[in-house]
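Taking the UniProt record's numbering, the leading residue of the sequence shown gets 1, the next gets one more, and so forth.
Please note: incorrect hints may appear among the correct ones.
[Said to hold, decoys possible] Listed below are the simulated DSBU-like cross-link pairs for lysine-lysine, each with C-alpha atoms no more than 35 Å apart in a straight line:
1. K33 with K6
2. K119 with K59
3. K6 with K128
4. K6 with K125
5. K33 with K171
Source of the hints: derived by calculation from the structure; they are not laboratory data.
None of the values given here were measured: they were computed from a predicted structure.
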Amino acid sequence: MKKTAKLNRVIILKGSPGIGKTYTARKLISQLKDDRIALISVDELLHIDQRNLSEDKLKLAKFHAAILTRSFVRENFDVIIEYTFDIPAHLSFLIDKIRYSHAEDLPKVDLYVFHLTAKFSEVAKRNKTRKDGTDPLPEDILQRLYNSCEKSAGKIEGEIIIETDKMPNKKVVDTIMEHFK
Numbered sequence: 001m002k003k004t005a006k007l008n009r010v011i012i013l014k015g016s017p018g019i020g021k022t023y024t025a026r027k028l029i030s031q032l033k034d035d036r037i038a039l040i041s042v043d044e045l046l047h048i049d050q051r052n053l054s055e056d057k058l059k060l061a062k063f064h065a066a067i068l069t070r071s072f073v074r075e076n077f078d079v080i081i082e083y084t085f086d087i088p089a090h091l092s093f094l095i096d097k098i099r100y101s102h103a104e105d106l107p108k109v110d111l112y113v114f115h116l117t118a119k120f121s122e123v124a125k126r127n128k129t130r131k132d133g134t135d136p137l138p139e140d141i142l143q144r145l146y147n148s149c150e151k152s153a154g155k156i157e158g159e160i161i162i163e164t165d166k167m168p169n170k171k172v173v174d175t176i177m178e179h180f181k
C-alpha cells in the first residue's frame, strides 16, 4: 500500500487584538516539534509598507502573506499566519491566493482557520499587559476592532471558534493540536 505524503499545514489564527494570537502561535510552534515552521504576522507586513493605512495597503499585506506562505510551503514548511482578520473578504482573499494561482501549480495544503475569542473585559485586561512588544491599544479602538472581529467569527467555511477565556492557555493550544491528528 502506497503511503500518501503529509500535506503541509497552513494555520491561520484570527481574533481581536490582545486575544493571544501571537502567544498561541509561539506555543503552537513548540508543540508542533518541527524545525520547518514559519510564523507570518500580517501586522509586521503592514509595517513594511510606509503608506498610511488604506484598503489597498491592507489587501497588499494579505497578498504578500500569501506569497510568503506559498514560498514556505514549496520548501515543505508548515506556516502559521496571525492577524485580526476582522474583514471576512480579506481572509477569503488570502486563502484564495494561498490555494490558487493562474501562473503556477501550487502545492496542496491542509488549511485551518481558528478564531480566538473571549469576553471584551478579558481582552481589555490582556491588552493592558501585552507581551508581544506592541503598545496597548486605546480602549475605544480596541472595542471597535473587538466588535468587528466578533462579527466575523464563523464566516469562513470550516472556521473553528475557540473561547480562550474558558480554558487555560495550554488547553487552547491542545485544542488546536487536536485538529491535526
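Here is what the structure says about each hint:
no.	hint	in the structure
1	K33 with K6	holds (15 Å)
2	K119 with K59	holds (28 Å)
3	K6 with K128	violated (40 Å)
4	K6 with K125	violated (40 Å)
5	K33 with K171	holds (17 Å)
When the structure is compared with the earlier hints, violations turn up for hints 3, 4 and for no others.
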